[in-house]
Amino acid sequence: MANLETFYYDNKIVRNFAIATIIWGIVGMLVGLIAAFQLIFPALNLGVAEITYGRIRPLHTNAAIFAFVGNGIYMGVYYSLQRLLKARMFSHFLSQFHFWGWQIIILSAALTLPLGITSAKEYAELEWPIDLAIAVVWIAFGINLMGTLIKRRENHLYVAIWFYIATWITITVLHVVNNLEIPVDLWKSYGVFAGVQDALIQWWYGHNAVAFFLTTPYLGLMYYFLPKAANRPVYSYKLSIIHFWALIFIYIWAGPHHLLYTSLPDWAQSLGTVFSIMLIAPSWGGMLNGLLTLRGAWDRVRQDHVLKFMVVAITAYGMATFEGPMLSIKSVNAISHYTDWTIGHVHIGTLGWNGFLTFGILYWLIPRLFQTSLYSPKAANAHFWIGTLGIIFYAIPLYWAGWVQSLMWKQFTPDGFLQYGNFLETVAQVVPMYAIRAIGGTLYLSGAILMAWNLFKTMKTGVFLADEKQEAPARLSTLGAHEGEHWHRWIERRPVQMLIFSAIAILIGGIVEIFPMAMIESNVPKIKSVQPYTPLELAGRDLYIREGCLGCHSQMIRPFRSETARYGEYSKSGEYIYDRPFLWGSKRTGPDIHRVGGKYPDSWHYNHMYDPLSMSPGSIMPAYPWLIRDKLDINQIPGKIKVLRTLGTPYPEGYEDEALADLEKQADGIAQQLKKDGIKDEKLAQREIVAMIAYLQRLGTDIKVKPATN
Amino acid sequence: MYKHILESAGNINWMAIGALITFFTVFVVSVILVFKKDSTYLKTMSEMPLDKVHSSTPNQANYEN
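Order-wise, the sequence lines are chains A and B. In this text, residue positions in the first sequence follow the working numbering: the first is 78, and each later residue adds one. In this text, residue positions in the second sequence follow the working numbering: the first is 39, and each later residue adds one.
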């Protein structure tokens, strides 16, 4: 046997990420809970723009995904990687840089999103300077990961590590492509893709953020921490090899299932559906491998709180990955899309799979790092039950709400009219379900707070082991050893090969879907009457983005009778060619507004924004008094026009110099109209509301059939 | 340039079919190869996290129920 080398695992970085996971987890859940309560009591925003639903919803999703789960991933990776490779992390500096860099990014998200600084891209709302910071910190993590792999003492790479490598390379590709954008100034940019192409790119990213940030790294963690907690090896290593390659190859294709029945070309929708259905096989491969690892140890699940959390996590993973493919079937999606069913589905994944696996790992890890036992196993068991009830109370009402919404939206009278023609009737029906959901969220958060208390008490009673001593023989040279050996062993020994093969697997799907979409113009038929936005409409559109209106309103009418009867002509891809970013939305807490232009007088919008209840009794939309009060910032307009022209919007050369005059002219016209309707404000033409009205009145009018004027 | 190449390709369904065939080929080959594996090697790999030989994790024994 070769000489044993002595080295030390870095537990400090693991502890830091663990603490960040606990704190950000609670913050993220709390923001989600505030948002949930605002859906029942809109006035809970206290009239403050920065804490209004549309702005804090992305804060909640970002905090849950990147702050809570993100730190959870790093905690688990830094712990397991060192042990699986028998090596300390490659660079102490990079570990520190990664930790502090990530926390600063989270803080900047917590500041910019409430301020309305957002690119409106789902799960990628942060503006370009933060996108760059994410890229730098992520690369630092990658160098640290690969560096540790290179200086390892263990020849073979355990399955968990393949998942880490695939995660790193895929997130790199997704983040870069999805955030290709040209800055207007420090806090505003426009993406290079527009309309339907942007929709495809954003959901290619959005779905794979779920796949490669919420799933693959967590599968890696499952493959390490579940055998550890159960004290037995993974059920089938063969299955893990097959399911790994199948999962990463198939997952990347599934994005278009978020865009079924939209104006995305049919071939792309079909690809999304087919691969989503196929996805059930590798997903359940992972789930079964996890659950079967516990064969013969199920008696321990009754007593061991760590295993309890892990079993529910893996079961939730199985449920979510069964439901996902079902929701990708077009006929099911026709019912589920835009409803709360989707929100219920995604929370089975995040609360069950990510949340419970994180809790299980934390309960296992913290006592070990602090060389003690858990302060209160009783409290951990209580947390398990409170959390499980929380998930049930969260998800079931939302499933119910989803079905109720969909059935009501699609119900016709025997005479052929919409039974519930007023959208508000459908809202009133689901508000009680939102209330029960908020109770579920409260339970789940209470459990997490109980865990935080338990774990911090554990830390206090124990003694932290910052550098953990370990001995292992140096790695033997493997040069030329692959002749005649098992093929996968050859890949497994070489992290760079693993990286390249993973990249090839994910790039095939990405290229086949995105290239034809981005390159072939015939995929987006042009409509002659569709013109670029006027400067005032553009300013209004950016206010719509700032306020996060797309969190509740879609701008995509599907070609169903129930939708065309309610909203008007179905949406065409050619209508969106100047939309950067696309704003189709995924949820109808309020009605679709793609054809709202010209539907109501300007004063209706003014009064509705000032007090939604005055125009729509029973509405749960918050009031936007600041739009009425605040002066529109027009300084960015020339810059925006220039950037949009660079990207291909046909504003004439030099139009940036005339844009402000055009803007003022259009604003004056709207202000006159409002004054005629009795609205008194000396500086009406300068207010933000005028830009918002201009945008809303423009929506869908390019191809809207004008009513007869006789 | 690329636009013209892709446009002249006309029907792009071959890309999707090609990808599907690639996937099934890789999948079937990997299944065959995985089942031809050496079982002692797989056993060693699957026991890697348990790290029984060199574990210096403190209080591990105390923690196990």
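Read the hints as simulated data drawn from the structure, not as lab findings. The structure presented is a predicted model; accordingly, all values stated were derived computationally and were not measured. Treat the hints with caution; some may be incorrect.
[Said to hold, decoys possible] Calculated cross-link-like contacts (lysine-lysine; reagent style BS3-like; alpha-carbon spacing at most 25 Å):
hint, chain 1, residue 1, chain 2, residue 2
1, A, Lys315, B, Lys75
2, A, Lys708, A, Lys719
3, B, Lys74, A, Lys89
4, A, Lys315, B, Lys74
- request: Determine which of the earlier numbered hints do not hold for this structure and return their numbers in increasing order.
  value: Going through the list in order, the structure violates hint 3 alone and respects the others.
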